[in-house]
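Visitor: One letter stands for each residue in the lines below.
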Amino acid sequence: MKHFTRLAAAAALGALMGGTALAEGLYTPNLAYRTGPFAATGIPIMNGQKDYMELLNARDGGIGGVPVDFEECETGYSTEKGVECYEKTKGRAIVTQPWSTGITLQVLPKTNVDEIPILAPGYGFSPMADGKVFKWAFNTPLSYWDGASIILEYLSQQGDLKGKKVAFLHLDHPFGKEPLPYLEMKAESQGFELLPIPVGLKEMQNQSAQWLQIRRERPDYVIMWGWGAMNAGAITEAVKTKFPMENMLGVWWAGHDADLNLVGEAGKGYKSVSWSFPNPDAPIMADLQKYLVEPGNTLSNPEEMAGVFYSRGLVISMMLAEGIHVAQAHFGKGEISPSELRWGLENLNLTEERLAELGMTGMVPPFSTSCANHTGHSGGWILEWDGAKFTKASDLIMPDSAAIAELEEAKAKEYAEANAPWPMNDDCKM
Amino acid sequence: MLYRTAGQFKTSYQADQALFPIRQDAVLLGIILIFAWAILPLVASEFAYQTLLIPILIYSLAALGLNILTGYAGQLSLGTAAFMGVGAYACYKLVTLFPWMNPIVAILLSGVFSAGVGVLFGIPSLRIKGFYLAIATLAAQFFLVWLFEKWGWLYNYNASGAIQVPNLEMFGVYVAGPQASSVVQYFVVLGVVTLMTLICINLTRGTLGRSWKATRDMDIAAELIGINLMRSKLTAFAISSYVVGVAGALFVFMWRGAAEPNLFDIPLSFRILFIAIIGGLGSVLGNYLGAILIVGLPVVLNTVPEALGLPISSATVEHLNVMIVGSLIVFFLIIEPHGLARLWALIREKLIIWPFPH
Chain A
1 MKHFTRLAAA AALGALMGGT ALAEGLYTPN LAYRTGPFAA TGIPIMNGQK
51 DYMELLNARD GGIGGVPVDF EECETGYSTE KGVECYEKTK GRAIVTQPWS
101 TGITLQVLPK TNVDEIPILA PGYGFSPMAD GKVFKWAFNT PLSYWDGASI
151 ILEYLSQQGD LKGKKVAFLH LDHPFGKEPL PYLEMKAESQ GFELLPIPVG
201 LKEMQNQSAQ WLQIRRERPD YVIMWGWGAM NAGAITEAVK TKFPMENMLG
251 VWWAGHDADL NLVGEAGKGY KSVSWSFPNP DAPIMADLQK YLVEPGNTLS
301 NPEEMAGVFY SRGLVISMML AEGIHVAQAH FGKGEISPSE LRWGLENLNL
351 TEERLAELGM TGMVPPFSTS CANHTGHSGG WILEWDGAKF TKASDLIMPD
401 SAAIAELEEA KAKEYAEANA PWPMNDDCKM
Chain B
1001 MLYRTAGQFK TSYQADQALF PIRQDAVLLG IILIFAWAIL PLVASEFAYQ
1051 TLLIPILIYS LAALGLNILT GYAGQLSLGT AAFMGVGAYA CYKLVTLFPW
1101 MNPIVAILLS GVFSAGVGVL FGIPSLRIKG FYLAIATLAA QFFLVWLFEK
1151 WGWLYNYNAS GAIQVPNLEM FGVYVAGPQA SSVVQYFVVL GVVTLMTLIC
1201 INLTRGTLGR SWKATRDMDI AAELIGINLM RSKLTAFAIS SYVVGVAGAL
1251 FVFMWRGAAE PNLFDIPLSF RILFIAIIGG LGSVLGNYLG AILIVGLPVV
1301 LNTVPEALGL PISSATVEHL NVMIVGSLIV FFLIIEPHGL ARLWALIREK
1351 LIIWPFPH
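Chains as they are written, first to last, in my numbering: chain A, 1 to 430; chain B, 1001 to 1358.
Check the hints yourself; a few may be wrong.
[Claimed, not checked] Pulled a few chain B residues facing chain A out of the computed Cβ check, cut under 7 Å:
1. F1047
2. Q1050
3. T1051
4. A1159
5. S1160
6. G1161
7. A1162
8. P1166
9. P1178
10. G1257
11. A1258
12. E1260
13. N1262
14. S1314
15. E1318
Please keep in mind that the hints were generated in silico from the structure rather than gathered at the bench. Computed from a prediction, not measured in an experiment: that's the story for all the values here. Just so it is clear, CB atoms sit at the ideal spot from N, CA and C, and this is done for glycine as well.
Using the sequences and the accompanying hints, generate a full structural model.
Guide: Listed below in C-alpha cells is the structure:
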C-alpha cells in the first residue's frame, strides 16, 4: 500500500509538473504512431527516423559532438494524444514533428507562441512553404501542391492533357483535400476535366461505390491521395475492376511497398510520386548495417529496410540533423536553442556533394531552403511498381513553381488574416 | 467519524429539502471548489491544464448533458458527438459572422442551435423507445457529420474543410485561439462548467427533473398521473442538447483550437457514453468521476514510467495503458454496476454509520 501511494504521488506530481526528467543533448522528440489504425505505415518511417539518429550517436557521437536525445511520444495518430505529446515535450524540445495533418493544424498556430520550429516533411499545410508568413513551420522538401504539380507534369510528358478526364480519388479529410485548389486551377488552365471522388474515412476499406463511378466515367487517369487503409483498398479495387494500372498515380504516402505486395504482379505499372528512394548501395546503408543491425540495436528488419518508407524515415531525420548541423556551425555552439534550429532549417543547402558526404546519394533530390522558402521544392521522381518493388520510372521532375508560389502566397495571406493577430516573419527581406 | 450526522437537526421542510442536507457534503464540495478555483491554478503546469484539467471539465460537461437525456429522462442517445459538433460549428459561425461578439456569449448562444437540432431529432422519441430510439439518434450522428463535411458555408469554404479558432479577445485578454493562455481558458471553462452544473443539479431536483424521472421509470404510469410525455421528452432533448452543444463549443474553442468533421464522429459519442455509464447514469457527480477515470487516468499513467525512470518505449506504454484502463473499467463495473457515483454513495453511507454498521 505504501508503495502504491508513493507511485500515485509520483504520477500526480509528474503530471502536474510536466515531463521534468532531464536528459543530456539535443532533445528532438518525435510524435510517433506505432499503434492505432495507421501503424502499418507508421512503423517503417518511425524506425528509419530513429535509426538515423541512433546511427549518428553510435558513429559520430551525435551531431557536432553533442548526442541526440531522440525520443518518441506515442500518439496512435490521434489528435488528442498528439496535443498531449506536444505539451509534454515542448518545454525542452528544439523541434516538434507532429506527424498528422490534424495535429499539424492544431500545433501550427501554437508554435508561434511557444517559438518551436515545426518540421512536417512532405505533409501538413502546403502554404507553410511561405516562410514570410509561417515563420516556424517547415515542410521540406516538397509540399502536396508540389506533388500534384509533378504528377500533372509527368502526365503532360505522356501526352497533352487537354480534353482528358482525370479522376482525383482522395480521402475526405484535410489531408486529401489539400491539393484540390491547385488541381482545380490547373484543370482550368490546361483544359482537362477534373473529377474529384472523395472516400470517407469509414469507406476506406470498401470503395466499391467510388470504383463503380470510376468505371462509369472512364477517366484517362486516376490520381490518388490516400493514406493508411485507403491505399490497399483502392489498389485491390482497381485490380478487381481491371483499371489499367499504368494510368493510376498516387501521392508519396500511397507508395508503400506493403500495400502493393498485396496484389503483387497485378499491381504492375502503378506509380507514385516520391521525394525519397531507397538506395541499397548508399554508404549510409552499410553504416547502418555495421553500427545498428549487427549489434542488434534496430527495431527494423532487412525487408523493411529495403522499402521506400524506411528510407524516407532516414531522409527525414537527415534533414533535421542537417538543420542542427547548419545551426551549430553558424552559431558556433553545440547545444542549440529552438530559434537557432529555426535558422538552421531555413538555411539548408543540400547539394549533391553534401548528400554524397552524408552517404545518401540518390536517396533524396538536392534542395535548399531560405527564409522565404520553407519547403525547398526539391522536385521528385515517379516510382513504378514492377511487381515486386518500386523502381524509378522518370528523371527528376520539377514542380511548376511559379503557379504554386502565387497560390501559396494567396492562401498563406488568407490564413494569417483568419488568425489575426498573426506574427509575420519581418526579418525576412527576400 | 468524518461523516457524523449526529446533532444536525432539520427544523423545517425547507432545510430537509436543501441541496445538502448533511453539512459534510457542503464542506466537501466547498473544498473541491476551492481546489478547482484557487489551488490548482497556482500549482498546475501548462501540461496539466491542456491534458488534464481543461479536457476533464469539458468531457464532464458533455457527459452531464447526455446524462440528463439518458440517465434522468431515460432516452438512449448515441448522437452526443454530433450535437457537440452543432455547438462547435454554430460557435464558429457566430464568432466569424459577428466578430464583435463576446466569446462567452457566443459559446452560450451556440447551445441554442444544438438544442434546436436536438429537439428536431428528439421528435421520434414520442413514438419509439429504447434501442429503436438509439438508432434514430444514430441517424442524427451520421447525418450531421456528413453535413459538417459537405456544407462549405459552415467552415467558411476553407480549403482543408476544418475549422480553426481565431484569436478572440474579451476585456483586453485573449480567451480563445493560439494567443490565449491556458490559465484564462481554464477559468472560462471552469466558470461555464460550474454554472451549467449548478443549473442542472437544480433542474433535476425540481418539477422538470421529477417528470423526467417519472418518464424514465414508466412512461405509461407517468402519463396516467398527468405528466405530458411530449413536453417531458422534448424538454429533456432540448436541455441535454443545449448542455452538450455548449460542451462542444468549449471543446473546440477552449481546448482543441481546430476541428475537422470526423472529430465529431461516433467514437467521441461512445467515449462520452462510457463516461456517463461508468460514472453512473442518473447522477451529476458521476460525470466528473467518469471523466477523471476515462480522460484523466490514461494521461497520468503515461507519465508514470518516465517519472520513475523506467526504460519502457512509448508505444509499449500506450499498449499497457489501454490494458490497464480497460481492466479498471471492467473492475469498477463488476464491483458496482451502477457506476462510480453509486460507489461513492455507498462509501458515504458506510462512513455515516461508521463505526456501528447494522
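Visitor: Starting from the hint list further up, note which numbers the structure goes against and sort them upward.
Guide: Violated: none.
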